[in-house]
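Chemist: What follows is each chain in one-letter form.
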Amino acid sequence: MNELSGYFRRKQFSRLMLVLCGIATAVVILVLIFILGYTLVNGISYLSLDFITQPSKPVGEVGGGMRDDIYGTFILVGLASIIALPVGLMAGIFLAEFAGPKAASAIRFAADILAGVPSIIVGVFAYAILVRPMHTYSALSAGVALAIIMIPVVARTAEESLRLVPNSQREAALALGISRWRITLGVIVPGAVTGIVTGIMLAVARIAGETAPLIFTALGSAFGVQGLAEPIGALPLQIYRYALSPYSDWQQQAWAAAFLLIILVLGINISVRLVSSRRQK
Amino acid sequence: MINNMLGQTVRIEAADPKHDGDKTTSKYALTVEDLNAWYGNLMVIQNISMGIGAQRITALIGPSGCGKSTFIRCLNRMHEVSEGGRVTGRVFMDGQDIYAPQVDPVSIRRRIGMVFQRASVFPTMSIFGNVASGISLARFWSRRRDLKDVVERSLRKAALWEEVKDKLDQPGASLSGGQQQRLCIARAIAIEPEIILMDEPCSALDPISTLRIEELMLELKKDYTVVIVTHNMQQAARVSAWTGFMLLGQLIEYAPTKEVFTVPKDKRTEDYITGRFG
Amino acid sequence: MTVKSNTASTVWARVGDKIFSRLTLFFSVLMAAILIALLIALGIDAWPAIQKFGLSFITSIEWDPVNEVFGALPAIYGTLLSSLIGLIIAVPISLGSAIFLSELAPDWMRRPCSFLIEMLAAIPSVIIGLWGLYVMVPFIRNPIEIWLGSNLGFLPLFSGPPFGVGFLSAGIILAIMVIPIITAISREAIVAVPVTQREAMLALGATRWEMITRAVLPYCRSGLMGGVILGLGRALGETMAVTMVIGNGYVLSPSLFSPGATIASKVASEFNEASGDLYIGSLIELALVLFAITLLVNIIARLLVWRTVSVRGTGE
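Residue numbers (this note's numbering), protein chains in the order written: chain A, 1 to 281; chain B, 1001 to 1278; chain C, 2001 to 2316.
None of these hints come from the bench; they were simulated from the model.
Because the structure is a prediction, the values reported are computed rather than measured.
Just so you know, even glycine gets a beta-carbon here, dropped at the ideal spot from N, CA and C.
Keep in mind that a hint or two might mislead.
[To be verified] Computed, partial: chain A to chain C, Cβ under 10 Å:
| hint | residue |
| --- | --- |
| 1 | A24 |
| 2 | V197 |
| 3 | T198 |
| 4 | L202 |
| 5 | F216 |
| 6 | L237 |
| 7 | A254 |
All chains, full assembly: derive it from the sequences and hints.
Modeler: Rendered as structure tokens:
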């Protein structure tokens, strides 16, 4: 009798805790909806054609847009990709195809640690090795900083995708008397291409929204995109600057920029996931 | 060249006293001497010596785990690709030891093709691309025009041409299991090897597909030396000229197929053939 | 003829193999070398500050660009405090969600819910900061801080004027940012627990909750710890969102309402205005301190997560 009522109480307690777990999940999803909803609704109300097509205006003048910063973001992402993709992909290929177990775990460890380095430190690093010696903030230094963030992500996702290609493919190609490197580029990489592209796209989405490493590398530019050795504007950087400014029209532009950035970043994320989940089926 | 041939003949006779009863062919395509193979510390092939006759089908049978697949992988230096795979001994081809230090395994594999148990079609390539892959991936650049003849010839030899000639650009993976296996055979033929190794090529196929592959093997032996590993004794009996029975990494018996299946010399062979074993 | 072309192509293949594998090795080493280069470059540029202040850099609370006296203690304190608040909020919520998503949720809910939580991780930190500054901070000030101040104001934790911006807001923002990480890793760790463990506990007459807390969670505890520490690593280095809501104070205050700074926010907000080798050197030394802390934390986390993965490998 006593035991039974004890069991009853334990059961009630179990139920309560499980409900709390459900509530925790709901809270997380609600927070996401709050952030997304507020940014999207608020942002779209400040979005205008001028915002996308006009350069920014100096303090005090009304209007203007973020044309150059949008452009700048694409340039920086492109620049970072050009630097990071060869390094990341080759490192991924090394990890999956050529490395012995010891070398692989050392390199993999380094990649994971590099991925965990706070992005602002990467920015300081780019400042130290490029901005300081060149005596100027530059698109190049920002591109390098973003590339360093991108490299370990690309390397690890490439490695994982390459590992998913069955070994029988490697053996079949070896038995045809094909050399290792042609097998890798002609058979293995094509077989893993969906996963590799997914990884690259997710890395791109991540660096497109990075702000901290840009503050003292890209700096921002009031004069549009001038060249790789000159300062350059970027969407997230401008969100940061404008959000902390006391002018309400700049704050409104920050929301509009946030809208664009979130569409860009989540757009990439969602489409990549849709494609890969369809492939799984 | 003649010198070479002579040297080869002498070597074989000296190397292979056990099987000199083989009077049906005077020429061996491969001569194996004292072959041992390991996975890590585990010895899986023990001291095998045998001659594999040219332009005939040699079958290797034995219970699973007896090392027959490992053995056949030693013949084109594929075993060393497996993790922990290690080989000692000699395998002569045209008087040349393929395990000699200066020999590149890649060049050996271009002369000794291999077909695997599971059809390993390259899923990212078309039917055409699969057949041509051995050639196109060994060159810097190749035009489709140059490959066309080889692809057609190989597919014809693999008895697949009629079925796929109108859809060469479809993915190789779109074919049925039996067709995929024949595609792999075509792919192996395309690089014009002298020897084709087949590692249980029919074990994943239905009976009709199996029959077609068997017919194909009989066709292939006119031009190639074929070595087949099978767990199917009927298959060995039907297609092969010589049969080797393997057990626990050793070659127990190696003789003309008819003798192996009718008057086996070894008790263990008899047990296996009559089904008292495994 | 054939023999000749064969050997030519194999020589070429062998050379190609060598070049290609060396090339992949080179890029791998390059990737690893970035880590070392980071350490060296930061060390060199921080050298003026390291030389001038020595150990007192870490223990001093002064930050005076005019007289060029710099100490990191308030920033280190702020970094640890905000991350601690973040974890205190995030860990129970993340574990709850992970348990829900792996044990309780009906099948049709799992994928969409996990997907949404992953989306939260994908939102750029500057946008979370923007939202935090304009939407969350006013709400934290009133009613939360005002209520806490008037009811629990006798605790030093909740003393002082309610600014809205400050350690509390920074901690909550950090919680939002690390929840997806901890949830994802915990969920993976929980899913990897063999069914036999669950069944054995249920067969003993345990309730579902008892099964989870006594069989499932202990079995995967190092994976869970790894997830939490990985989240900590992220929180310690998180910059933009924190910079926007922490209020840029530089104090050692026990009050959660007080504006403060983290190492990252200090570097982010002052770097562009800094002048002189010593000032810049001090900011870079701050970055170096953060680097050392996160490196340590990440190494621990990696080792823990890797261990669970290998346990999982042998378990299945």
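Chemist: None of the hints should be skipped; say for each whether it holds.
Modeler: The hints, checked one at a time:
1. Of the supplied interface hints, the one on A/A24 holds, with its beta-carbon coming within about 3 Å of a beta-carbon of chain C, less than 10 Å.
2. A distance limit of 10 Å between C-beta atoms decides the matter here; for A/V197 the minimum to chain C is near 17 Å, and the interface restraint is violated.
3. The closest approach between the C-beta of A/T198 and any C-beta of chain C is roughly 13 Å, which is over the 10 Å cut-off, so the hint fails.
4. Taking 10 Å as the C-beta contact cut-off toward chain C, the hint placing A/L202 at the interface holds, the least distance being around 8 Å.
5. Checking A/F216 against chain C by beta carbon gives a least distance of about 5 Å; that is within 10 Å, so the hint holds.
6. Restraint check, A/L237 versus chain C: the minimum CB separation of about 8 Å is within 10 Å; hint holds.
7. The restraint placing A/A254 at the interface with chain C holds, with a minimum CB-CB distance near 6 Å, inside the 10 Å limit.
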